[in-house]
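Below are the chains, spelled out letter by letter.
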Amino acid sequence: MSTSPFANLSRRQILQLAALMGGAATLAACGGPAVGEAGGAASEQATDWASVTPAKEITWWSNHPGTSKDLESKIIEDFAKETGIKVNLVTAGANYDEVAQKFQAAAGSSNVPDLVIASDVWWFRYMINGQILPLDKLAAHLDFGTDDFNKTLYNDYEFSNSHWAVPYARSTPLFYYNKAVWEKAGLPDRAPKTWTEFDEWAPKIQAAGGVTPLGLGKGNSWTAWWFCNMLWGAGGAYSKDWTMTLDTPEAIEAAKYLQKIIYDDKSAVVTAKDQVADFGAGLTGCTIASTGSLTGIIAAAKFGIGTGFLPEGAKGAACPTGGTGLAIPASKSPEQQLAAGMFLKFLTNAKNTAYFSSNTGYMPVRTSALEGETMQAVYAKTPQFRTAVDQLAGTRVQDWGRVFVPNGDKDLTTALEKIMLQKGDPAEAFATASTSIAKSYEENVKPYLKA
Amino acid sequence: MSTMTPPVVMRKRRTPWKSWLLFLLFAGPNVALLIIFTYKPLIQSLQYSLLQWNIGSATARFVGLSNYSNWFTDPTTANVVKVTVIFTLVTVAGGMVLGLSLALLLNRKLRGTGMARTVVVAPYVLSGVAVGLLWLFVFDPNFGVLGAVLKGIGLGSPDWYNDPSWALPMIIIVYLWKNVGYVALIYLAALQAVPKDLLEAATLDGAGPFASFRNVMLPLLGPTTFFLSVTTLLSSLQSFDIIQAMTKGGPLEGTTTMMYQIYQEGFATGRAGYSSAIATILFLVLLVITAVQMLFIQKKVHY
Amino acid sequence: MSVDVREKIAVTPPAVPMTTGKKHGRPRLGGYLMMAVAVAVMILPLVWMMLASFKQRDEIYTVPIQWLPESFELSNYFAALAAVPFGNFFINSLITTVVGATLKISLGLTTAYAVVFLEFPFKKFIFGLVVFALLVPQQIVIIPNYTLVSDLGWINSYQGLILPGLASAFGTFLFRQHFLTLPISILEAAALDGASHWTRLWKFVVPISAPTIAAVALVSIVSEWNEYLWPLLVVDKAEMMTLPVGLTLLQNNDGVTNWGVLMAGTVLITVPVLIVFFLLQRRIVTGLTSGAVTG
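In order, the protein sequences belong to chains A, B and C. Going by the UniProt record's numbering, the first sequence wraps up at 451, each residue one higher than the last. Going by the UniProt record's numbering, the second sequence wraps up at 303, each residue one higher than the last. Going by the UniProt record's numbering, the third sequence wraps up at 295, each residue one higher than the last.
Honestly, the hints are just simulated from the structure, not real lab data. There's no promise every hint is true.
[Claimed, not checked] Derived lysine-lysine pairs resembling DSSO-like cross-links, with alpha carbons at most 27 angstroms apart:
#1 C:K237 <-> A:K332
#2 B:K18 <-> C:K124
#3 B:K151 <-> A:K423
#4 C:K237 <-> A:K345
#5 B:K18 <-> C:K237
#6 A:K439 <-> B:K151
#7 B:K109 <-> C:K124
#8 C:K237 <-> A:K56
#9 C:K237 <-> B:K248
#10 C:K124 <-> A:K74
#11 A:K137 <-> A:K345
Values in this document were obtained by computation on a predicted structure and should not be read as measured data.
If we strip away everything but chain A, and leave its shape as in the complex, we get (with noise of 0.2 angstroms):
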């Protein structure tokens, strides 16, 4: 019995082959990226949208935010009965990261899409690749009616003067509570309006039921997100423009209250997997979870389901948005462009947008949407509806640190979940990620943004 496959392998012939390896390279020369100076961001061209006609088909990623295929063809349907166009919707991931991670792969290629799902956490990477269109003047051109569109959740897509995506299902955390328990402990029924105010209200949630008062989630994408709200809440920012500020007291006051509530009054858990999962089972009395969830929620749960904003900081009501917008890539030809944003603005018409809205629990995008009859109809078959969509008048666009650079959101990730569960030093773990952050701005971002 020969036991290894090398082992009839002379040291001449492992020269021999090493010599062929470096035959190869000679080959290898082709493919790959250009080397040399940073490229960086598309553009604007000079498109003269009046003279282009638009395509006949077009291809757009999604991965079907909040399980919205069905949703998604039909607003597909009518819109080739409209203009004779098709659109092809293709599944190219379960995530936002895995449709990220297939774009930025298939740039280069002829395998581009036309249109594109852009979240928050990744729009600005395309960008910064030349991957996307400024969508300025082909919006202007098509009449978008982009004053409509909500100021905040718009203008998350504004860099250097430019509009680079457009708002498609766009979420915003949302407090939830348990009816039963609140009823159980004698609480008024609403949500806590300050975080002080839960802190009176956690002792007596604990007393009534033996349940955990507040099931807070983890992981990338999510644990640097709704800890916006303490962060911002107590005064504090992941940074300003470029340079990180995690280390302001303010910061360390806000990682600290979050230590003090698991650990200290152990009135706040980190849910082993899914928090929305625990809070339906019963497990907590509230929790903090997407909009984008709340049908869901609402069709799980036995009990009676309150929604309510973010409790307040000492400085104030803070709640960051989030979900996706779309993008259109910039490699591809004007027709199709052309054609990609007359479906994108059919896509965020106040009629789609509602029909959307109040099918899955994200934000309606335009304000001319928020009060018409289809979501009106929502709010009085759903009144939970109504909080998630008053919260987003006191929305604020997300720091740079964590949506800009590409690790900032998992190494900030990192940071959180080492204060949530190890109880690490808050300063210290601050610390690592905003070196790792600035570090990688300045090789991974600077390079690329236009003087």
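Chain A is already provided as a structure; the job is to place chains B and C on it using the hints.
Same frame as chain A, now just chains B and C:
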């Protein structure tokens, strides 16, 4: 390959053109595929490791060895190396101990060993993603069956999902569950190939089962053990799908092996150059380990 | 991994177990006990998966857990089938596996034949080149390979799925080891009859190597069927996905993890494989008992 001129061999004997053609016909396609999809990309990957290149970008900057120095100085690297070493050592060594024990058990003259062997090997043929997902639900601390069993006997469920020092054992357990049957199967084959008369001779000499195992069987299992150490080490270092399905490298990067980091940096974070540098380091480590194993084998085989 | 083939060949006669002449009856009970434990550890997670696939959401998300589903209705299966095109996944897996494994085995056979029976100056070197590829992990070459495949326009195509992993390294090694043990006389007789190398390979060598080929084929099929990372990257249309990749589409985002549906999907991809494995296991074993004693 035709660029390699063969001065030494040509002297000995001329190869007729028909032999060349015949050889080309038989071996050519396979070799061509290997060059196109293994060796050429291997070189390209070395080139990429010298670039600062975001994967979606059409352009890149040459940065010399700074991807390598960045990796060696990054604060997370120590943890990644630790996770990789623990995962690899435990899955390889643990797999061999468990596999050999199973093989010895299945080699006994008991009813149902054939069926038991089939059952033990079965998980090996399943998809790693499916195995990861089904175990994820077993481990769920609130709704999973393992937590319920542990609570039933008065223990709490460890925090498999949140605590890095439990998440890594979780991944290891699942990996072993899936792969131990393979190791057992190979040991079983080796045990059954042990000549009967050797054992009978040992028994006649009055050796008990334990002594005959230690003195007769164990030395004979040497080559098999070395074979397994090479193959299981290679596959353990490359494992990806279970980690992807269960933890995605978390919590707190507690299950991020080097292989997983390569994927994550290349496709999630998008730093293709950095990712290629880690890949190159891992490749060199693999080469060194295999070379060492080969030396060992050559020594051991000629005892 | 494809690394295990040669030993499966050696797994010869489990039906006729030869064991030590045992006089001790005492450890028997312990043996059965341990065997029962081993089998239980292997089977119970699969049972838990099956049970979960029939549970409704509120039967899963309850504390303490509920062991049995209230009814064995198939709604989770219908939900899984409605959410993603499982039929396509299955066909794609089938095509990539059958085509991939067949070509891979053929490449391994011809290469091994060339290395063993043909005269060629560098054949040892070529063999080394083939075998050395075993040491190159797939992940290290995945970025350049992706770039190449996408430049060729092969994203979402069967050739894109199959070709990059097609070359046979371990198969070649195993076939070579096996061919070296073949009786030369048969081939000499064939050569005297005027059979070409091509005929000699397919008419003489392949038939007497059937057990080895079957064992290698089984392992190729398993690894092709379960391949995950490459199909994950090279396919983005649901209609072109293979089963392992498609399965992960069932993991929900921005909603509740629906274990019932996810487990139903997992059952759909594991159970057929298990059935085929239990059937093939017997066939392979009996095929192997007849021949092939390596070592």
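(request) Of all the hints given earlier, name the ones this structure violates by number, lowest first. (result) Hints 5, 6, 7 and 10 not satisfied by this model.
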